[in-house]
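Protein chains: 2
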Amino acid sequence: MTKAVVLLSGGLDSATVLAMARASGYLPYALIIDYGQRHRAELRAAERVADTLGVAERKVVRIDLAAIGGSALTDTGIPVPEQPSEGIPVTYVPARNTVFLAVALGWAEVLDARDIFIGVNAVDYSGYPDCRPDFVFAFERLANLATKVGVAGEGFHIHAPLVRLSKAEIIERGSALGVDYALTVSCYQADEEGRACRVCDACRLRAQGFAEAGWPDPTRYRGAVREPSPPDPT
Amino acid sequence: MTKAVVLLSGGLDSATVLAMARASGYLPYALIIDYGQRHRAELRAAERVADTLGVAERKVVRIDLAAIGGSALTDTGIPVPEQPSEGIPVTYVPARNTVFLAVALGWAEVLDARDIFIGVNAVDYSGYPDCRPDFVFAFERLANLATKVGVAGEGFHIHAPLVRLSKAEIIERGSALGVDYALTVSCYQADEEGRACRVCDACRLRAQGFAEAGWPDPTRYRGAVREPSPPDPT
Numbered sequence: 010m011t012k013a014v015v016l017l018s019g020g021l022d023s024a025t026v027l028a029m030a031r032a033s034g035y036l037p038y039a040l041i042i043d044y045g046q047r048h049r050a051e052l053r054a055a056e057r058v059a060d061t062l063g064v065a066e067r068k069v070v071r072i073d074l075a076a077i078g079g080s081a082l083t084d085t086g087i088p089v090p091e092q093p094s095e096g097i098p099v100t101y102v103p104a105r106n107t108v109f110l111a112v113a114l115g116w117a118e119v120l121d122a123r124d125i126f127i128g129v130n131a132v133d134y135s136g137y138p139d140c141r142p143d144f145v146f147a148f149e150r151l152a153n154l155a156t157k158v159g160v161a162g163e164g165f166h167i168h169a170p171l172v173r174l175s176k177a178e179i180i181e182r183g184s185a186l187g188v189d190y191a192l193t194v195s196c197y198q199a200d201e202e203g204r205a206c207r208v209c210d211a212c213r214l215r216a217q218g219f220a221e222a223g224w225p226d227p228t229r230y231r232g233a234v235r236e237p238s239p240p241d242p243t
Numbered sequence: 010m011t012k013a014v015v016l017l018s019g020g021l022d023s024a025t026v027l028a029m030a031r032a033s034g035y036l037p038y039a040l041i042i043d044y045g046q047r048h049r050a051e052l053r054a055a056e057r058v059a060d061t062l063g064v065a066e067r068k069v070v071r072i073d074l075a076a077i078g079g080s081a082l083t084d085t086g087i088p089v090p091e092q093p094s095e096g097i098p099v100t101y102v103p104a105r106n107t108v109f110l111a112v113a114l115g116w117a118e119v120l121d122a123r124d125i126f127i128g129v130n131a132v133d134y135s136g137y138p139d140c141r142p143d144f145v146f147a148f149e150r151l152a153n154l155a156t157k158v159g160v161a162g163e164g165f166h167i168h169a170p171l172v173r174l175s176k177a178e179i180i181e182r183g184s185a186l187g188v189d190y191a192l193t194v195s196c197y198q199a200d201e202e203g204r205a206c207r208v209c210d211a212c213r214l215r216a217q218g219f220a221e222a223g224w225p226d227p228t229r230y231r232g233a234v235r236e237p238s239p240p241d242p243t
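Protein sequence lines, in the order shown, are assigned to chains A and B.
Heads up: take any position in the first sequence, counting from 1, add 9, and you land on the working numbering.
Heads up: take any position in the second sequence, counting from 1, add 9, and you land on the working numbering.
Hints were generated in silico from the structure; no laboratory data involved.
All values derive from a computational prediction rather than experimental measurement.
Take these hints with a grain of salt, some might be off.
DSBU-like mimics (lysine-lysine), calculated; alpha carbons at most 35 Å apart, straight line [stated by the list, open to error]: (1) 157/B - 12/A; (2) 157/A - 68/B; (3) 68/A - 12/A.
Given only the sequences and the hints, what does the whole structure look like? Please build it.
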């Protein structure tokens with residue numbers, strides 16, 4: 010089997026990617042990044058997903074992105090928005106996917122793997138710049154200049170199989186491959202037990218995906234059902 | 010003054026880059042990466058260099074590259090070579106400069122800076138792939154796809170002012186700018202006090218640079234002067 014490093018966040022998208030990599034015959038090495046994210050339940054979800062779907066190895070690497078701050082996901086002083094907003098939201102973590110892919114590239118080189126999977130998505134997503142196909146292509150080009158393997162003329166391939174799928178399509182693909190989405194946590198402010206807030210961007214996109222796919226949503230929400238407040242009329 | 014993130018390792022090259030960035034009128038923000046390197050004295054040297062040359066801020070970010078291993082610099086089970094070797098040496102840290110630039114990019118975005126300085130060098134160096142001009146250009150291109158700033162059409166610039174200089178030329182430039190190289194530590198197996206081994210690649214390139222520049226070498230070596238053993242005749 011061909012080894013592949015799979016970036017695994019604990020969310021819905023990367024769980025689907027892991028299932029797709031397995032179904033394509035890759036032997037997955039799950040890379041889980043503890044970057045100081047406020048939603049710690051995501052890390053435990055990633056470990057559960059890896060163990061349930063099956064991987065050759067799972068590795069948690071700590072990277073202190075909270076030290077540079079600048080995001081609601083790493084700086085608890087910045088609240089997670091509970092309303093849709095225009096433009097790139099404050100949950101954007103500067104250069105996060107660049108950092109993640111860089112570490113994945115390093116591990117791939119150590120493992121002598123040539124394939125890296127990442128669950129970025131440019132359709133139903135939050136508008137983060139490092140989720141677009143051009144970003145993925147540019148990273149692949151960089152990878153082949155940055156490494157011993159590249160120098161040797163052998164190529165790395167960055168797989169982003171979700172990049173042009175809607176959230177509903179992602180859920181359909183994953184469900185067909187047997188992914189149990191009850192294991193995953195998408196919420197940016199999930200509590201210790203992984204229960205979701207229902208109102209952040211990640212919760213909204215996830216719920217909309219299940220609704221559009223016509224699948225029952227297995228997400229565990231905390232507290233009473235709370236309707237999002239109406240948007241500010243300004 | 011224009012803000013710039015300067016990657017600072019504690020070695021000779023990045024100290025020179027910091028001095029060059031200052032001399033060019035940038036306000037430097039020194040980024041020091043604790044990646045689990047075995048030569049911990051390098052980190053203290055980086056802090057000394059930042060404090061002596063003067064920076065707007067210095068930040069140490071921890072990234073656990075030792076978790077992925079694969080290098081003599083992060084895995085103490087792999088000895089640092091004490092003889093010159095062919096090809097890319099075991100001191101190569103997979104994807105290190107990609108990871109470092111990614112974190113620098115994140116911090117630059119948080120600081121609203123557009124300029125990043127890195128002391129890579131493709132002349133008197135150890136043959137690492139991520140020290141070449143093409144790598145730097147590819148990262149710059151990636152940076153402008155990966156970030157909010159890039160989306161807004163404003164460009165990041167990755168400065169690698171040493172990339173085509175010899176070690177002797179680097180020392181001449183830095184000395185002219187008042188860099189005190191006694192503050193710096195290049196050795197891959199420096200002891201706790203920053204004293205160098207004299208025989209690793211980094212020590213050899215450094216000593217050769219001072220000799221060629223005709224400058225007194227301020228490096229503190231440990232123990233008695235030890236001649237490198239003759240190369241294995243096989």
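Hints and how they fare:
1. Note on residue 157/B and residue 12/A: the hinted pairing holds, with a Cα-Cα distance of about 33 Å set against a maximum of 35 Å.
2. Pair hint residue 157/A plus residue 68/B holds up; C-alpha atoms about 30 Å apart against a cutoff of 35 Å.
3. Between residue 68/A and residue 12/A, the direct Cα distance comes to roughly 14 Å. Compliance with the 35 Å bound is thereby established for this hinted pair.
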